[in-house]
Structure formats: structure tokens, C-alpha cells
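Enquirer: Sequence:
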Amino acid sequence: MTTSVPDPVAITGCGVVSPAGAGLDALRALLDGETAANATPAAEDAEALPPIAVRTVPEIRLADYVGRKGTRRLDRMIGFTLVATRLALESAGAADDDALRARTGVAVGTTTGSVRSVYELAHSIFKPEVGYVPSRFPNSVMNSCAGQVAVWNAFQGVNSTLANGHASSASALRYARNAIRFGHATRVFVGGVEELSPQVAWGWHKSGTLTRDALLGEGCAMLVAEDPALVGDREVLAELLGAEVGYFDPRDRRITPARGLARSVTRLLERAGVPAGDVDLVSLGAASQQGARAVEEYGLRLALGELPTAIRVSDAVGDTYSASGALQAAAVLARWSGGSHPEERHALVTSLGTDGSVGCFLLRRPGA
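Numbering (my numbering), first residue to last: 15 to 382.
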């Protein structure tokens, strides 16, 4: 195997909003079986959802995290991202001066933005009796979450929204790592977000791609990625060694999505200088799509030889689509918190979409 010198990026903070509640500790408690995920949707959504199992974020007051002023017109999806970002900022424990904010970027994975907000805006335009509300428009723009994170935190660095289905979070992490490596930012708040609305749930239900026991979810995870040279004596939760994304048409018999995933994983490990046998943990992404789990596991066996210890956060929080990769990473950090599972040194996070999109990234335990 061709090896190269790893060029890690430090992960110093993590903020999570999930069906377990707010915070990484809440997610850890859920994954450890100490608590249960919220399965009760908001009252206004309950009767509008299709007959499908859901896991939703319990009520979280945005004002408790960012203050009340200016939040009235923000939608739930933006709220998830702002809360997760604030928690990640607190977790990182860095002095947050103006010079650092000027070099702080944002990269958010989300395929469409808030489908609910887009629907409500369109409904108000085409149904005059509903009444058009101009202030709803910003919420309907795909990059609204990334923009609001920058505005609310005065981050002036690179700002990007990555849309790649189930691989959106992997795309965002790849972008963030490159931004830091090539000097475009010294710190990037990076992750993924997804809102489960009746419009989204019905779209999945009618797609014909879900398994009978499908579980749909929502949430957001934001990581703080930093130049290792600036971390000092602060705690590093993990090191990001690399990220890869690709597209492999399911109709192309020459290279199937399983083999495409295997190719992407192999390239990732080669570039990171990590032998396949050194991968101790896999955080799997395939969730509710028919056949996706078998395809993902087959691709990993092709790349790794055998499947190491595996976790699947979607079993607890549901299929979170664009946010899945970020929540998978958060699940790894939760598992490693407090020095747990010290034998696990490298964690591989994988994403697989029904359209043929694949993504993967590699995390290393500090000091491994």
C-alpha cells in the first residue's frame, strides 16, 4: 500500500442536537441505553406525518442558548444549527477574540435546507389568502444555516454549504479540512443538519426506497476543526486524518456503489498512511433505504478484509440524511469520551446514498 505522511486537523469541540436532547452527553446516554430517544413529534406535526416511525428533537428553547432577540423568524433547522454551534464553541474552550473570529469559517452539510420553510414560502405565494410574509424568505435559502451561524457568532472566514445527500456531512468535513490545510481558515465549525417535517417524511414515504421498519430522524452535530498548531494545551477530542467523497452510479455494473465505497475507503487509508488492519471502529451510515446496509457492509469488507467493531447511530436517532455523517462522528466522540474504549485508535465513518453518492472520513484518537 502506498503511504503518505498524515496531515491531521484537530477536533477540539462538538455540539449536538438530537432526539436525545441537547449536548454530547445526552447522545452518549442514549447510545449507552441509559435514556430513550424522543418519539413524540410536535403537536402541529403529529397528525400530518405519514404512518412511519420517527425520532424527533424534543423541544429546545433557542433563546436559552443565544438570547431571545432576533430569533422570532428563525426556523427549527436554523435553531438546531445555532444551538449545536454554541455547544461546540463552549466545548472547544478557546479564547474567542476578534482576530480568531476573522479566521473562523463555517461548513454545513444540508441537501435542501428547510423543506418546511420552502413549502411555507411557496404556499404563501401561490395562496394569496394565506398572506405572503417576506421575512420567511431567508429561511428558504439552502445556505441559510451556514449564514446564520456566521452572523450570530461574527465568524468572518470561509462560509459554505455542501449538498450531497447522505454524504453531505462527509463533504463538509472534506471542505473544512482543506480550508485549514491550505491556509484559508484557522478554525472551521463543520457538521450537518436535517429537519424532519411532514413534507420530508411524506417525500421519503412515497419514494418507495424505505424498508418496512424505516425510522426517520432529525438533528444537527457541529464539530470544531482547528489547525493543530493553535490548540496549545486544550483538549483534543480526535484528529481528522482525511475525508473522501465520490459518486458511483448504481446502474453501472463496472463499479457498483459497494465497490465505489471500497475504493474511496482504500484511497482514504492510503493517503492517511493507515493500514486497513488498524481500523478498530466503524461508524456506519446506511439506515432506512432498502438494501443499503448490506451494500455498505459489503463495501467495507472489500476494503478492510473484515468488519471491525461497528456502531450505527441511526438505530437510536433514525435516518438523519444530510446530518447523518456528523452525528456518526459525534457518536464516535461520545463513545471515546472519558477515555472509554482505549483499545480503539482509529474510527472510520462511512456514508452511502441510494443515488450512488458515498463518503468516508477517518478519525484518530489523540495520542494513538
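It should be emphasised that the hints constitute simulated quantities derived from the structure, not laboratory data.
Since this is a predicted model, take the numbers as computed values, not measurements.
Idealized CB from N, CA, C, for every residue including glycine.
Treat the hints with caution; some may be incorrect.
Label pairs and their calculated CB-CB ranges [stated by the list, open to error]: (1) D292 / A77: 41 to 49 Å; (2) P65 / P148: 33 to 41 Å; (3) G197 / A62: 43 to 51 Å.
Enquirer: So, for every hint listed, does it hold in this structure?
Expert: Hints versus structure:
{"no.": "1", "hint": "D292 / A77: 41 to 49 Å", "result": "holds (46 Å)"}
{"no.": "2", "hint": "P65 / P148: 33 to 41 Å", "result": "holds (36 Å)"}
{"no.": "3", "hint": "G197 / A62: 43 to 51 Å", "result": "holds (48 Å)"}
The earlier numbered hints are all upheld by this structure, with none contradicted.
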